[in-house]
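Chemist: Below, each chain spelled out in residue letters.
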Amino acid sequence: MPTLPDRATRWMLALCRLAETPRYQHLKGWLRVLLHDDHSRHKQTFDSAMIVLIMVTIGCFLYEVHHRLPVWALWLERVAVGIFALEYLLRLWVHDDSHRLILRDYQNAAASDQRFRLLPSIARVARSKWDYVASPLAIIDLLAILPSYRPLRMLRIFLLFRVIKLFRYTQSLKQLTQVLSEKRFEIYTLGLFVGFMVFASATGIYLMEANDSRSEINSFFDAVYWAVITLSTVGYGDITPQTTEGRFITLILIVSGIAVLSFSTSIIVSAFSERLVVMRERRVHLEVEKLHDMVLICGYGRVGEVVASRLQADRQPLLILDHHQSRVDLAQRRGLLALHADASRNEVLEEADIHRRAHTVVCITDSDVSNVFIALTVRQLNPAIRIIARASHTDSIDKLYRAGADSVVTANEMVGLLAAQLVNHPLSANLLIHALGGQGPGMEAVRVGENSPLAHRPVAALADLAPQLLLFGVVTDDRREAAGICLPLRGRRFHFHPPSTFALRPGDQLMLMGEGGQLLAFRKRVQGYRLTR
Amino acid sequence: MKTRRVVIFGSRELGLAVARQLRDLHCEFTLIDRAEHLRQAEIEGFAVSSIDYTRDSELASVGIGYGVDLIFCLLAEDAQNVFLTIAARSLAPHTPIVAVAHAADTVMKLHAAGADQVIDPQGIVGGSIARLIRQPLVAEVIQVSLFQGERGLGFRELPVTDGGVLVGRRLAELEALLATPLLVLGVLEGGRFHFRVDWDEPLRAGQVVLAIGPGAVAAAGDDPSRDGA
Numbered sequence: 001m002p003t004l005p006d007r008a009t010r011w012m013l014a015l016c017r018l019a020e021t022p023r024y025q026h027l028k029g030w031l032r033v034l035l036h037d038d039h040s041r042h043k044q045t046f047d048s049a050m051i052v053l054i055m056v057t058i059g060c061f062l063y064e065v066h067h068r069l070p071v072w073a074l075w076l077e078r079v080a081v082g083i084f085a086l087e088y089l090l091r092l093w094v095h096d097d098s099h100r101l102i103l104r105d106y107q108n109a110a111a112s113d114q115r116f117r118l119l120p121s122i123a124r125v126a127r128s129k130w131d132y133v134a135s136p137l138a139i140i141d142l143l144a145i146l147p148s149y150r151p152l153r154m155l156r157i158f159l160l161f162r163v164i165k166l167f168r169y170t171q172s173l174k175q176l177t178q179v180l181s182e183k184r185f186e187i188y189t190l191g192l193f194v195g196f197m198v199f200a201s202a203t204g205i206y207l208m209e210a211n212d213s214r215s216e217i218n219s220f221f222d223a224v225y226w227a228v229i230t231l232s233t234v235g236y237g238d239i240t241p242q243t244t245e246g247r248f249i250t251l252i253l254i255v256s257g258i259a260v261l262s263f264s265t266s267i268i269v270s271a272f273s274e275r276l277v278v279m280r281e282r283r284v285h286l287e288v289e290k291l292h293d294m295v296l297i298c299g300y301g302r303v304g305e306v307v308a309s310r311l312q313a314d315r316q317p318l319l320i321l322d323h324h325q326s327r328v329d330l331a332q333r334r335g336l337l338a339l340h341a342d343a344s345r346n347e348v349l350e351e352a353d354i355h356r357r358a359h360t361v362v363c364i365t366d367s368d369v370s371n372v373f374i375a376l377t378v379r380q381l382n383p384a385i386r387i388i389a390r391a392s393h394t395d396s397i398d399k400l401y402r403a404g405a406d407s408v409v410t411a412n413e414m415v416g417l418l419a420a421q422l423v424n425h426p427l428s429a430n431l432l433i434h435a436l437g438g439q440g441p442g443m444e445a446v447r448v449g450e451n452s453p454l455a456h457r458p459v460a461a462l463a464d465l466a467p468q469l470l471l472f473g474v475v476t477d478d479r480r481e482a483a484g485i486c487l488p489l490r491g492r493r494f495h496f497h498p499p500s501t502f503a504l505r506p507g508d509q510l511m512l513m514g515e516g517g518q519l520l521a522f523r524k525r526v527q528g529y530r531l532t533r
Numbered sequence: 534m535k536t537r538r539v540v541i542f543g544s545r546e547l548g549l550a551v552a553r554q555l556r557d558l559h560c561e562f563t564l565i566d567r568a569e570h571l572r573q574a575e576i577e578g579f580a581v582s583s584i585d586y587t588r589d590s591e592l593a594s595v596g597i598g599y600g601v602d603l604i605f606c607l608l609a610e611d612a613q614n615v616f617l618t619i620a621a622r623s624l625a626p627h628t629p630i631v632a633v634a635h636a637a638d639t640v641m642k643l644h645a646a647g648a649d650q651v652i653d654p655q656g657i658v659g660g661s662i663a664r665l666i667r668q669p670l671v672a673e674v675i676q677v678s679l680f681q682g683e684r685g686l687g688f689r690e691l692p693v694t695d696g697g698v699l700v701g702r703r704l705a706e707l708e709a710l711l712a713t714p715l716l717v718l719g720v721l722e723g724g725r726f727h728f729r730v731d732w733d734e735p736l737r738a739g740q741v742v743l744a745i746g747p748g749a750v751a752a753a754g755d756d757p758s759r760d761g762a
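So the sequence lines, in the order shown, correspond to chains A and B. Under our numbering, the first residue of the first sequence carries the number 1, and numbering increases by one thereafter. Under our numbering, the first residue of the second sequence carries the number 534, and numbering increases by one thereafter.
Some hints here could point you the wrong way.
Keeping only pairs whose Cα atoms sit at most 25 Å apart, straight-line, the calculated DMTMM-like set for lysine to aspartate or glutamate is [claimed, not checked]:
1) K129/A - E20/A
2) K43/A - E186/A
3) K642/B - D47/A
4) K174/A - D96/A
5) K43/A - E87/A
6) K399/A - E673/B
7) K174/A - E274/A
8) K399/A - E450/A
9) K43/A - D96/A
10) K524/A - E673/B
11) K399/A - E546/B
12) K28/A - D47/A
13) K129/A - D97/A
14) K129/A - D37/A
15) K399/A - D638/B
Simulated from the structure, these hints should not be mistaken for laboratory data.
Chain A on its own, in the form it takes in the complex (with noise of 0.2 Å):
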């Protein structure tokens, strides 16, 4: 028969293998999501209700401090204290794993052949657990739940971890903290120089000033209180030093003060002037993941402007990436999304899944260098992405195609055909300079859908439905053939200014050329039939 030691050791072996069933693994996985990444919305929605539960529970204290409480506002009370006590409950469930401990060490006793001992394991778990209950954190959980305590109103100080617990929910708190930290050493010297003045202090004032009968110093801690008070350079002017002494004192102390100010607050903003730059970074990473069917810059030197603020008038999501700190202040001062990094590395597209929120990288740094290794990598990490690149050399043109790009664009090429037009049609050069900068009268692709209004009805019909747009062609899927120029386009082909007749078919796109309003009005009205019929 086995013995009580046995089956204890059953029942934990067979409660560990249940915690190994899929369903308690997303159990737990998801409650720590919750508690701890930082990136889930579960997490921002949990922080916010428990900032306001926080909030309402202090509020109701300080309401007790001269009022009756209303019985509501008890069970308020009580509710929230459970809800933070299953908080500090499930944080340490959270914490650790604790059954794999547990078989991990039972597999190893049966590898090697010995007898499997529960309680070394049990105390390998507790050992984790007290890690857990030892952290700063968790302390301050634990004590902020104490308050509610009523029969032990010495216990109302704790009500200041209630406060304190505010750090765990709040980022910016967080940041604090954060940035005090690594300021440790300096807050350190300056903690061990305050301490040391004013233990000089006060014990040199106690000495002068104890036995003078005009003084207010009459214990250690009134010395400590006023050269604490004097230090800080807040005055009350409840404890003033009488004797020559003692005044000789305040002097010194109260230039010590000034010392010490001065030092506390270029220590915190050296500490945050440095942290600046990251804490603006993350709130950019912060931004982007939530930014899905973006646009990613690479490079934001002229063209790049160009490109984000014509992308930006469009409310396209878009995020920059450029390696000069300038160009990243200035796109950001414009409200633009950007970061100081190099596009070329994979980590740097890797974070927060930049080349997969990107539908489209556009790579035009000053260098083509640059510009085909962006691309080189983008392509690498993303098949399907979308790459469109500059070439400010004529060489490089292939050099980008080959290294993954779909499209690649040149000044030269441009400002070429632009130089022949200025040669022999000076006047309407400048349309074609707005046509090619993508301003001017306006181009729209609009599809002939299945229940348009134009389907299977030849050219001429849009002359009815929208005579202030002009037909600048078409093109087709299929090799439909009609007189007038044709010209080939990707596996489809372009209609250029096709006759009256040409009959338009669905999946046909149209290029209509017109003003910005016209065009828009033309779409929706086009919809709209569809809609209605």
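Use these hints to put chain B onto chain A, whose structure you have.
Modeler: Relative to chain A, chain B alone:
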């Protein structure tokens, strides 16, 4: 017909690209730069000249103010182009000057210096890239229609002159009147382009009809209106 004489200042990538286009149009032109920058132009067989553009006498020696019909200022630095534009304008008050601006701020400066046309390559490239993102099909159509040389499309200017065939005609009947299949875009009048003006209004002398048609930029004199369409 007299061939237009063109001078191109700057023989780097941009200058060479312009020179290649002008060669295809059989234009008479000279590339001007420092000797060390002219090597590639010489290899490609272009007419070259090395002068100090800061000296008026040397500018005059290449025909600025005396027979040059069009000046391109395509030097690498904006400051150089502004200086050259001012110098060329003082020597040739009536010669069209086309200058390139590498920074957005320079566009205004070049206009103030006397340039008739300022090209902002970076702005054009930026606009093209933005269109590639926003309207990929439209960008592709523009690419295949305007950048295919003789196989593509080009702009046409049809001047309406006193006693010409176009005076009194309506835009609506113009396309049928012309021998080549042209798409009439609108009318240029007083330096302004009017997109798709009233089709039934008769054309007046002094107006210029702007159209797009087959083939690259046609040489002056190829206008269908002059063919007696």
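Chemist: What are the numbers of the hints that this structure violates, sorted from low to high?
Modeler: 2, 3, 8, 15
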